[in-house]
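Undergrad: Each chain is listed here by its residues.
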Amino acid sequence: EDKVVQSPLSLVVHEGDTVTLNCSYEVTNFRSLLWYKQEKKAPTFLFMLTSSGIEKKSGRLSSILDKKELFSILNITATQTGDSAIYLCAPSGNTGKLIFGQGTTLQVKP
Amino acid sequence: GAVVSQHPSWVICKSGTSVKIECRSLDFQATTMFWYRQFPKQSLMLMATSNEGSKATYEQGVEKDKFLINHASLTLSTLTVTSAHPEDSSFYICSATYQETQYFGPGTRLLVL
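Just so you know, the sequences run in chain order B and L.
Numbered continuously in this note's numbering, the first sequence closes out at residue 110.
Numbered continuously in this note's numbering, the second sequence closes out at residue 113.
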């Protein structure tokens, strides 16, 4: 059975801290892994990862995939209060369906 | 690019009525759209895969006669919650695939009284 485990489930940091969010997965016929940020509405797309070892970067956020060890990490440097959200990891197989983890709830305090 | 809209953004209805939610891809064509449901403090649960021009594929445990899905064009899929009951109150979210990435609509909050 396909599964995704994210850790930690929740995290409280102060502005300026760096955080690392973890995602391990087991997916049949793996194709890609996506990271989303969810605030009060629906998830917004952050990254799509398909190859191991190639870091994707967008501003203070970066992510990398390890297809051998079946995990991905999302890093956020110099956190701001606007980074407070639930971060969702979602790998997919060849059906195109996303398999969602429980999410990591990040709270950044001023 | 890759904008997905949903309408309405929220709806309140009486028990027993039917509610239709629209999902549109605004700047791309989507042969496949997905419908999710999210309860408070839980992750997204896939309900069904909507395929343009053919029947939707429902996930195990989702009643197809209760959640009617129609994907009549490459930019529009609709989800109709028939004979809604209070336990159907939830956050319904659609997504559409563009260049192998799923982009989500803003979601529809349904409250059934």
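For the record, the hints were derived by calculation from the structure and aren't laboratory data.
It cannot be assumed that every hint is accurate.
[As the list claims (entries may be wrong)] Derived SDA-like pairs: lysine to any residue, alpha-carbon spacing no greater than 25 Å straight-line:
| id | chain 1 | residue 1 | chain 2 | residue 2 |
| --- | --- | --- | --- | --- |
| 1 | B | K97 | L | I12 |
| 2 | B | K97 | L | P86 |
| 3 | L | K64 | B | N94 |
| 4 | B | K97 | B | D17 |
| 5 | B | K37 | L | E63 |
| 6 | B | K41 | L | G53 |
| 7 | B | K97 | L | E63 |
| 8 | L | K20 | L | P86 |
| 9 | B | K97 | L | F91 |
| 10 | B | K41 | L | F67 |
| 11 | B | K40 | L | I12 |
| 12 | B | K97 | B | N29 |
[Stated by the list, open to error] Simulated DEER-style distance windows between Cβ atoms:
| id | chain 1 | residue 1 | chain 2 | residue 2 | range |
| --- | --- | --- | --- | --- | --- |
| 13 | L | S73 | B | P110 | 31 to 39 Å |
| 14 | B | S51 | L | F39 | 29 to 37 Å |
| 15 | B | T20 | L | L74 | 24 to 32 Å |
| 16 | L | K66 | B | H14 | 43 to 51 Å |
| 17 | B | E55 | L | P86 | 31 to 39 Å |
| 18 | L | T31 | B | E55 | 40 to 48 Å |
| 19 | B | S51 | L | S15 | 26 to 34 Å |
| 20 | L | P86 | B | S10 | 23 to 31 Å |
| 21 | B | V13 | L | T31 | 15 to 23 Å |
| 22 | L | L111 | B | G16 | 37 to 45 Å |
| 23 | B | S84 | L | K20 | 47 to 55 Å |
[What the hints assert, rightly or not] Chain B stretches covered by chain L per the calculated footprint, using a threshold of three residues with CB under 8 Å from any CB of chain L:
| id | stretch |
| --- | --- |
| 24 | 55-62 |
| 25 | 65-76 |
All figures in this text were calculated on a predicted structure; none of them were measured in a lab.
Cβ coordinates follow ideal geometry from the N, Cα and C atoms, glycine included.
Undergrad: Each of the hints needs a verdict: does it hold here or not?
TA: Verification of the hints:
A threshold of 25 Å between alpha carbons decides the hint, and for K97 (chain B) with I12 (chain L) the separation of about 30 Å lies outside it, so the pair is violated. This hinted pair does not check out: K97 (chain B) and P86 (chain L) have alpha carbons roughly 28 Å apart, beyond 25 Å. About 24 Å separates the Cα atoms of K64 (chain L) and N94 (chain B), which keeps this hinted pair within 25 Å; it holds. Using a Cα cut-off of 25 Å, the hinted pair K97 (chain B) and D17 (chain B) is violated, with the two alpha carbons roughly 34 Å apart.
Distance hint between K37 (chain B) and E63 (chain L) is unfulfilled; the C-alpha atoms sit about 29 Å from each other, more than 25 Å. Of the supplied pair hints, the one linking K41 (chain B) and G53 (chain L) is violated, its CA atoms being roughly 29 Å apart against a limit of 25 Å. At roughly 19 Å between alpha-carbon atoms, K97 (chain B) and E63 (chain L) fall within 25 Å of each other, so this suggested pair holds. Between K20 (chain L) and P86 (chain L) the CA atoms are separated by roughly 16 Å; this keeps the pair inside 25 Å, and the hint holds.
Note on K97 (chain B) and F91 (chain L): the hinted pairing holds, with a Cα-Cα distance of about 19 Å set against a maximum of 25 Å. For the given pair, K41 (chain B) sits about 22 Å from F67 (chain L) by alpha-carbon distance, which is consistent with the 25 Å threshold. Restraint check for K40 (chain B) and I12 (chain L): satisfied, since their Cα atoms lie roughly 19 Å apart, inside the 25 Å limit. The hinted pair formed by K97 (chain B) and N29 (chain B) meets the criterion: a straight-line CA distance of about 12 Å does not exceed 25 Å.
The hinted window of 31 to 39 Å between S73 (chain L) and P110 (chain B) is violated, with their beta carbons roughly 47 Å apart. At about 35 Å, the beta-carbon gap between S51 (chain B) and F39 (chain L) stays in the expected band of 29 to 37 Å. A hinted range of 24 to 32 Å is violated for the C-beta pair T20 (chain B) and L74 (chain L), which are about 40 Å apart. For K66 (chain L) and H14 (chain B), the Cβ-Cβ distance of about 46 Å falls inside the hinted range of 43 to 51 Å, so the restraint holds.
Distance hint for E55 (chain B) and P86 (chain L): a CB-CB separation of about 47 Å, inconsistent with the stated range 31 to 39 Å. For the hinted restraint 40 to 48 Å between T31 (chain L) and E55 (chain B), the CB-CB distance of approximately 32 Å leaves it violated. Separation of S51 (chain B) from S15 (chain L) is about 50 Å and departs from the stated range, judged on CB atoms against 26 to 34 Å. The supplied range of 23 to 31 Å is met by P86 (chain L) and S10 (chain B), whose beta-carbon atoms lie about 29 Å from each other.
Checked against the hint of 15 to 23 Å, the C-beta distance between V13 (chain B) and T31 (chain L) comes to roughly 41 Å, which is inconsistent with it. Against the hinted window of 37 to 45 Å, the Cβ-Cβ separation of L111 (chain L) and G16 (chain B) comes to about 40 Å, which satisfies the hint. Checked against the hint of 47 to 55 Å, the C-beta distance between S84 (chain B) and K20 (chain L) comes to roughly 34 Å, which is inconsistent with it. A count of 0 residues in the stretch 55-62 of chain B with a Cβ less than 8 Å from any Cβ of chain L is obtained; the coverage claim is therefore unmet, three being the minimum.
Here's how the stretch 65-76 of chain B fares: 0 of its residues keep a CB closer than 8 Å to some CB of chain L, so the rule of at least three is not met and the hint is violated.
Checked against the numbered hints given earlier, this structure breaks hints 1, 2, 4, 5, 6, 13, 15, 17, 18, 19, 21, 23, 24 and 25; the rest are met.
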